[in-house]
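**Student:** The whole structure should be built from the sequences, with the hints applied where relevant.
Just so you know, the protein sequences line up as chains Y and A, in that order.
Numbering follows this note's numbering, with no gaps: position 509 of the first sequence is 1237.
Numbering follows this note's numbering, with no gaps: position 522 of the second sequence is 1250.
It is possible that some hints are incorrect.
When chains are identical, the list treats them as one kind, so a pair holds in a single copy or across two.
[Claimed, not checked] DSBU-like mimics (lysine-lysine), calculated; alpha carbons at most 35 Å apart, straight line: (1) K1262 / K965; (2) K1210 / K799; (3) K1210 / K873; (4) K863 / K799; (5) K1298 / K792; (6) K965 / K1012; (7) K1311 / K863; (8) K1262 / K770; (9) K1210 / K1149; (10) K792 / K965; (11) K873 / K1308; (12) K965 / K799; (13) K863 / K1012; (14) K975 / K1149; (15) K873 / K1298; (16) K1149 / K872; (17) K901 / K975; (18) K1149 / K770; (19) K901 / K1012; (20) K873 / K1012; (21) K965 / K1060; (22) K1149 / K1298; (23) K1262 / K799; (24) K1262 / K1311; (25) K965 / K770.
If you're looking for bench data, these hints aren't it; they were derived computationally from the structure.
There are 2 protein chains.
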Amino acid sequence: MASVLHLLLLSVCSLYCISSGHRHPLDPLSPSEISTIRSIIKSSSLLSPAPLGFHYVGLDEPDKHAVLSWKSDPASHPLPPRRAFVILRADGQTYELHIDLDNNSIASHRRRSGGSGHPMLNMDEQNAVLALPFKYAPFVDSVKKRGVELRDVVCSTLTMGWFGEEQDQRLVKMQCFVTGETVNLYMRPIEGITMVVDMETVEIVEYEDRVVIAMPTAAGTEYRASRQLPPYGPRGKPVVVTQPVGKGFTFEGNVVRWANWNFHVGFDSRVGLVITVAGVGNGKDDIHRSVLYRGYLSEVYVPYMDPSEEWYFKTYFDIGEYGFASTSFSLKAGIDCPHNAEYMDGYYANGDGSPVLLRNAICIFERYAGDVSWRHTETLIPGRIITESREEVSLVVRTVYTAGNYDYVLDWELKTSGSIKLSAGFTGVLEVRATDYNHVEEMIGEQHGTLLAPNTIGVFHDHFLTYHLDLDVDGPENSFVKANLRTVRAEGGTTPRKSYWTVVSETARTEADARIAHNEAPPGELLFVNPGVKTRLGNTVGYRLIRSGAAATALMSEEDYPQRRAEYTKKSLWVTPYRKSEKWPSGLYADMGHGEDNLAVWSMRNRSIENTDIVLWYTIGVHHVPSQEDFPLMPTLNMGFELRPYNFFEHNPVIGTQPFIKNTGLTR
Amino acid sequence: MASVLHLLLLSVCSLYCISSGHRHPLDPLSPSEISTIRSIIKSSSLLSPAPLGFHYVGLDEPDKHAVLSWKSDPASHPLPPRRAFVILRADGQTYELHIDLDNNSIASHRRRSGGSGHPMLNMDEQNAVLALPFKYAPFVDSVKKRGVELRDVVCSTLTMGWFGEEQDQRLVKMQCFVTGETVNLYMRPIEGITMVVDMETVEIVEYEDRVVIAMPTAAGTEYRASRQLPPYGPRGKPVVVTQPVGKGFTFEGNVVRWANWNFHVGFDSRVGLVITVAGVGNGKDDIHRSVLYRGYLSEVYVPYMDPSEEWYFKTYFDIGEYGFASTSFSLKAGIDCPHNAEYMDGYYANGDGSPVLLRNAICIFERYAGDVSWRHTETLIPGRIITESREEVSLVVRTVYTAGNYDYVLDWELKTSGSIKLSAGFTGVLEVRATDYNHVEEMIGEQHGTLLAPNTIGVFHDHFLTYHLDLDVDGPENSFVKANLRTVRAEGGTTPRKSYWTVVSETARTEADARIAHNEAPPGELLFVNPGVKTRLGNTVGYRLIRSGAAATALMSEEDYPQRRAEYTKKSLWVTPYRKSEKWPSGLYADMGHGEDNLAVWSMRNRSIENTDIVLWYTIGVHHVPSQEDFPLMPTLNMGFELRPYNFFEHNPVIGTQPFIKNTGLTR
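**Tutor:** So, in structure tokens, the structure goes:
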């Protein structure tokens, strides 16, 4: 065992030996720290001697104040205390531990009592139950009854939500699929069965084979290139990107520097990529003014709209119930990210607490999509035509989150202009329902989806991707300002105009002022400003939020159980005061939770959000009515939003940028 | 003169000799056709012997039916009659002519009588008036009074809108600026002067120097690279795109073929790029099913929100008043478009009717921005991790429209998945007002803009970019369907759920059903379907509109004069039945027009739009509240929307597409 551990440490030395000289208080837990945490816990007498299951092991972030002090002057401030937060299950109980990594000890330890919900499932326990159906006679009979070979069947664990039950068991449902002739097993669900598994006792505790429904065939479901037959599908010709003078970004440990940006990249087992202490400058000096203290995709809520027995519970909180790390996989160079990308690894703890390497968890690359950062042609000066333009090269930090059937390509794009664009590419495979229908004309009565292929219904559902954005616009004390546009009636004959609009700004005083659903927002700008900092001209520095077209909000009724858990999806936008504990909008214990610890509940205290440290929660919302094009795998649908400087700079920060032409020898 | 003409014909032979074998009924007028039109008109006795001014010379598009018949079988259908439409001014009158290019004759000819407004200004007459102020003593005095050197002054013509005046003179206002130390003259307006010019008599007919306002200095206004001093602005490292196996698109005359797309590219002096007869297939055969009969950016309306004497009238219809061709310039290879772009030229008639070459008016390139067309990772099959993905290479057709100070980068992006993405990049220079203010604290009372620099206010304004999209989804007969999502209360205890949503579709019967402002749209899909065509499964084939986040609608009061002219900007979306004459949403005679011939007026007839040939008019709307980053030139702001197949294909058309890796020898 010692030699295995030794090898593991060697294999990660490439990353962590480089970074050892650049310890940062927000660095994610290293594999050796994860191993240390495991050892500390396993050797402690504080915990039950029963087998321990690790459900979350992550950095317990230092106090923001301590991080900012350290960052402002690392030489005269010590690194803040290094601690980890751990959630364990033992003996049917949940434990929360804080581990002191400076002293290799357990700093605090409590058994959770009261409160609904359970920690994220870990992969090991999910794997442990996957074999159960194959030894369960009623299921074997069900498979036989459907004329399917048992060896072609695979199963998955589905979180079962909460529908008013008062019991406290940690349960999942299982759904099984038929592979064999296709790897696209999601297109071949074994329908009509309900199967409930107790995660603690590892046994099937409920089983019902309610109805046999036709099994969709494998025809047309394969997506692997090797299984396609000519004539192949359409494509353009390859476009290859190269960087003749190298890449523009550097790493110091987990800190990335690029152009006028500077930020730290972290990785967390629950949410994946975490961008912290992002600052931007004017490119003329090494001063970076803060924009974002911490940002990550905090939850992905996907409720389905089929109330039937085998479907009603499908109301997934993908991040809170499964977590990013255990369902995501290495990015593939040249296909998930272009050839000029660099990769960063991630580490997380498995169910036993041991470190697992997620190689190439994150990629970083410079993007040039043929666009201009700015341009103008001027012709008013007699005899001259002046055209001036700059190429738009931006920096993309990407992860791909595979939430079972769906895949989300999650990009943070930073621009030299100071903009941050967040986008999500929706792709992957739909969750479909088997049906006896083969043609739309057979379908009578209310439908819950679109007929995508024979015997295959793409069920209606939503995607709500909620971003946590702890904006620190030129410092932590910020306000949220609605710069509303108001029509003014011109009166008194002073102008031939009868009307125009002007700006009437309103600073949100409390959380209630900042809850906005898409259709409720008056025309205008949504600004995050630092009321204590002005430009030389006297404008208040800020950033503006440019909202997405994909701003769907929840349509389910407010008293419905899933909606109580995801109450925050009633609005696209929330602003809360910064609280260290308010990280997960669906609550720390989202699995089977009752919704008493979610963003909307925190916000109902209606705290002050004026001139204080505030957090923006912004949701990209999509109502997905599938179409046949989504079968057997959907083309990427891109949705996003932008944070753009607004009187943050004294002027356009890229006006003085030199064109590439000068240095690359490229001809125009 | 003959030899000059000969040279001109030689110089365009590269394009037109290639295309001569590929005549298409929608080809734009060739330079020789423009010359022929001029000769026919000049030698005709029908027109006044007074000097003729050419204000529009364009293809008189053949009847749609004739084009479609020809296209379906060119061998057995003759090319439709080739005709041009011409608008002339002579002797203070407007003439409309149809020219028969098959017989080189004037097919019809009428003097316009009644109706408000005037044709587009032409460049020659604008140039002719630019010198007037310099010979006008009161203006020379005004310049002197401001301490400016006359030789540093340049002037421009500003359309003056309509504010209830009953006169019929063709007038413009002029505004002058100070260049000299800077080429960014728009940042140095000579404020406080009203100067009105009669375009017919070519004289200043009204002049007032109302107030002297401080002149902004040239400091910080230069954008040319050669004038920047170190330290320069921020940038990444160059990213160079190459295509190792060549480009994926071909031309046959003006018809472009790329992957599974096929479309015709035209050029019109009023609107620039016109995409017609665009069809898409599944890439497996040469069948292209129609999607779009004709699409173009039909108007750009930019009203400013300052009611003062020198600003109230700034309510530009950039396309209808000035036209695309006369204010736009050649695209610069490697900066406006990437190095792998191909270019197409455009031709238009000058004020004298002679052909003018706009070289590199349009560029076409394949784009790879590092994104995936689709992907999935599958891990449920024991012992296997399958990751499959395809690179997203799309085709971009681009023009850049320079409307005086502003520049718009206008992209049509076609995807192999069948999607069409339309986007507009807003950049260029703001129209600013000079002011005595140097600091925000000095500014008292209501403001009409943001202080961007000392003595410089960026005035509030809107941008409304209205696209004409004559969709022919799998044929001309289409319907517009609102697939509304409706919450259903689950009752009777059949499910633990209390609610879900379902789709309740509503076909728009008349135009009134299809007028939608952003905040009015219920959740759901907006579909353009062909009710007569079903997929094999029985779904109605269609395309869906994915709206933009930039969906601002007009805030001015309905009875205000500019708003009457731009009444259509009260909604983001209109659907009209196809009428050949309904091409310009601001009316054929937009300049100084009263709004009696605009999209909203046509639509008020409330015609049937069900199962007939329909046109979508979609407006990208932005309320622009400037910020200091917009000074002295704004970073590009990208806004767009998407038309995406919706049960148009039997399945994802790119599922069978082979990855590039196989053919390029690139390693993953």
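**Student:** Run every hint past the structure and note whether it holds.
**Tutor:** Hints, verified against the model:
no. : hint          : in the structure
1   : K1262 / K965  : between (50 Å within a copy, 32 Å between copies)
2   : K1210 / K799  : within (32 Å within a copy, 53 Å between copies)
3   : K1210 / K873  : neither (61 Å within a copy, 42 Å between copies)
4   : K863 / K799   : neither (56 Å within a copy, 64 Å between copies)
5   : K1298 / K792  : within (30 Å within a copy, 47 Å between copies)
6   : K965 / K1012  : between (39 Å within a copy, 16 Å between copies)
7   : K1311 / K863  : neither (40 Å within a copy, 69 Å between copies)
8   : K1262 / K770  : neither (54 Å within a copy, 63 Å between copies)
9   : K1210 / K1149 : both (20 Å within a copy, 30 Å between copies)
10  : K792 / K965   : between (49 Å within a copy, 33 Å between copies)
11  : K873 / K1308  : neither (53 Å within a copy, 62 Å between copies)
12  : K965 / K799   : between (47 Å within a copy, 27 Å between copies)
13  : K863 / K1012  : neither (67 Å within a copy, 45 Å between copies)
14  : K975 / K1149  : both (21 Å within a copy, 30 Å between copies)
15  : K873 / K1298  : neither (43 Å within a copy, 60 Å between copies)
16  : K1149 / K872  : neither (51 Å within a copy, 48 Å between copies)
17  : K901 / K975   : neither (47 Å within a copy, 51 Å between copies)
18  : K1149 / K770  : neither (43 Å within a copy, 56 Å between copies)
19  : K901 / K1012  : neither (57 Å within a copy, 42 Å between copies)
20  : K873 / K1012  : neither (72 Å within a copy, 39 Å between copies)
21  : K965 / K1060  : both (20 Å within a copy, 23 Å between copies)
22  : K1149 / K1298 : both (23 Å within a copy, 29 Å between copies)
23  : K1262 / K799  : within (23 Å within a copy, 62 Å between copies)
24  : K1262 / K1311 : within (30 Å within a copy, 48 Å between copies)
25  : K965 / K770   : neither (56 Å within a copy, 49 Å between copies)
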